[in-house]
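Guided by the hints, dock chain B onto chain X, whose structure is given.
2 protein chains.
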Amino acid sequence: MPLLGLYAMNGGEGPNSYAQNSSYQRGVVDAAKPIIEEEIATKLDVGHVFSTHVKPFRIADFGCSTGHNSFPAMQIITESVQKKFRSETSQIPDFQVLFNDQVFNDFNTLFRSIPPQKNYHAAAVAGSFHERLLPKASLDFAYCSCALNWISEVPKAVRDDTSPAWNKGRVHYTGAVQEVFEAYSNRYANDIGSFLEARAEELVSGGLMTLLVPAAPCFEHSETFYTTQSELELIGSCLVDMAKKGLIGEEKVDTFNFPLYFTIPQELKAIIERSNSFSIERMEILNNPGKCTLRSADARATYLRATCEGLLKNHFGSEVMDELFDRYTKKIAASPLFLDPDNEKSIIILVILKRKAE
Amino acid sequence: MPLLGLYAMNGGEGPNSYAQNSSYQRGVVDAAKPIIEEEIATKLDVGHVFSTHVKPFRIADFGCSTGHNSFPAMQIITESVQKKFRSETSQIPDFQVLFNDQVFNDFNTLFRSIPPQKNYHAAAVAGSFHERLLPKASLDFAYCSCALNWISEVPKAVRDDTSPAWNKGRVHYTGAVQEVFEAYSNRYANDIGSFLEARAEELVSGGLMTLLVPAAPCFEHSETFYTTQSELELIGSCLVDMAKKGLIGEEKVDTFNFPLYFTIPQELKAIIERSNSFSIERMEILNNPGKCTLRSADARATYLRATCEGLLKNHFGSEVMDELFDRYTKKIAASPLFLDPDNEKSIIILVILKRKAE
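Protein sequences, first through last, are from chains X and B. Using numbering that gives the first Met the number 0, read the first sequence as starting at 0 and increasing by one per residue. Using numbering that gives the first Met the number 0, read the second sequence as starting at 0 and increasing by one per residue.
Just chain X, with the same shape it has in the complex (with noise of 0.2 Å):
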């Protein structure tokens, strides 16, 4: 099961898709918009990316799902590229933004959604960010919110049962052995390689890049506070304890596995740094307001099933998917740690890069 595309957030803008279930996600552009004004303001290089006539100026979003949280990025990026040419030129570009996910996203959602007062043309682009998806030199900013914590594809060895990282009776590396652990960081070192090797191509010598990334804190895990993780841990159990009552296959948990990897600061700045394309602007870690979204357990389990929903009903097929999440909502109202925001202690790291001069 490489699952390489062949999953997506949910789509459509019925009860359980993304787009009704991301207010932790919109927090995160909230939380990014004044730093994010803030660099283009004073880090867009007006002339250097505009050296001999004014061109188009192309934004992309990686990993935009049906757009719901895009359409507000976009805008703040846009009036924010505009204000800085007002500022310096007297020639304001033409925008075009490129809205890419995987190819089994809902781009007939997004298509649809897009604001009709917006301010760019709009193009959708399908595919796999950690490769290649636009002609080289093409793009003048890229941004990508909440989308790098998704990895390529479940790590081999976690998969194979001959390994010693093999993943048995659980789904992701939270409380697993430390090959399953190092399986996962090896694979998340390569894959953000590979997404900023990418962008590198794609990208104007000066172009900005915004990551929004979804991280934990530290590698520990502590039973004071959760994350994500903790989260998909507990998901997990589910399984587990369906494939005791015999509702799902045993081998079937085995076989399965999340590919969702949390990075930490220190971890994802290292990683950048061996990559010699792009210069660190700015790196903090942001206050996300969406956090207290969240508050029942109903909106946490379903907050979790419009994000997963696509994977888990490929593995385990559709028909067990209701009683899978209404195990996991009593698992979240029975465990107060997780309606307590305060005790929330995933992290949003926010990085602003620019695409050195080749």
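Do not rely on the hints blindly, as some may be mistaken.
Where chains are identical, the list cannot tell them apart; a pair therefore holds if satisfied intra-copy or between any two copies.
[Stated by the list, open to error] List time: in silico DSS-like cross-link candidates among lysine-lysine, alpha-carbon distance up to 25 Å:
| no. | residue 1 | residue 2 |
| --- | --- | --- |
| 1 | Lys251 | Lys155 |
| 2 | Lys355 | Lys54 |
| 3 | Lys330 | Lys135 |
| 4 | Lys268 | Lys117 |
| 5 | Lys329 | Lys243 |
| 6 | Lys54 | Lys135 |
| 7 | Lys251 | Lys167 |
| 8 | Lys290 | Lys330 |
| 9 | Lys312 | Lys155 |
In short, the hints are calculated from the structure, not lab data.
Using the frame of chain X, we list chain B on its own:
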């Protein structure tokens, strides 16, 4: 019912899909292939388009539907352009193809159908091609096949029961009073004008455009041969029959009209010449081998269903579609005129235009 963008070719890949029922349109691509190759070889101004440095070469297909006929066309164009570059320079640009269709087109099927071995970066753009869709001077080659027969909306006068152009009891201009035809004809001239104006803004100076326009040899209507208009008249008669039987409301038929117009070569030439932005590099009538692919009444009926069902569903409801197309299939089967490809006098006008320097 302005219908703007609220319909599209049938999506998916099922039995009534456009993907499965567009061999007629595929024939157009095959017939145009040698001409497009020759025109790119002789008319594409590599030096002009790439005056300073190698930048991406962008091609857009306006009205791509789910892409099945677009992919071979894009292959022809990219290969011809590569060949031209190889013959004149040592550098081959990166290609980006922008697939455009109405907002309600099935872009999910489009993205999932893109050939993995393509030699370009793909993107999609949703919206009416009668309007601006891309940044200024961002496009090197425009293509539009079997799409410019769709007008942007049914003329208001045709829908107005106080107007002399009110089209009571008919669903198209064929066989209607002269005022109805004139209302359509004016709308068409305006729409082609808007299309050319939008493309003139988007194309670089020297950029080429290939139009493959469904048309008629003349405006007279004859019983000894038929064009696509005759098919619209025939499905109109099915709708009138169904209204008489009380299966649909009579006023529903009176308020429905197909937003389709079939120009003739002289008229199209005059409209293009009125637009000052393009030179006509070539204009001829194509012999479409796709005509011969619709030999059975079923195939011919499903061909129309794949293109017009979305529109009909919106107005009459999906519950009467099977009945409507059953009746239509029987009428076609009963009329031998429609099953002999020699009687089919619809034509495809091929036009190659070049964007004049500003």
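Comparing the hints with the structure gives:
1. Lys251 to Lys155: Close inside one copy (16 Å), not across copies (60 Å); limit 25 Å.
2. Lys355 to Lys54: Both: 20 Å inside a chain and 19 Å across chains, each within 25 Å.
3. Lys330 to Lys135: Neither: 48 Å inside a chain and 55 Å across chains, both beyond 25 Å.
4. Lys268 to Lys117: neither (34 Å within a copy, 35 Å between copies)
5. Lys329 to Lys243: within (18 Å within a copy, 58 Å between copies)
6. Lys54 to Lys135: both (15 Å within a copy, 8 Å between copies)
7. Lys251 to Lys167: So Lys251 and Lys167 pass the 25 Å test inside one copy only (10 Å; across, 62 Å).
8. Lys290 to Lys330: Answer is within; shortest intra-copy Cα gap is 19 Å, inter-copy 63 Å.
9. Lys312 to Lys155: within (21 Å within a copy, 48 Å between copies)
When each numbered hint is compared with the structure, violations occur for hints 3, 4.
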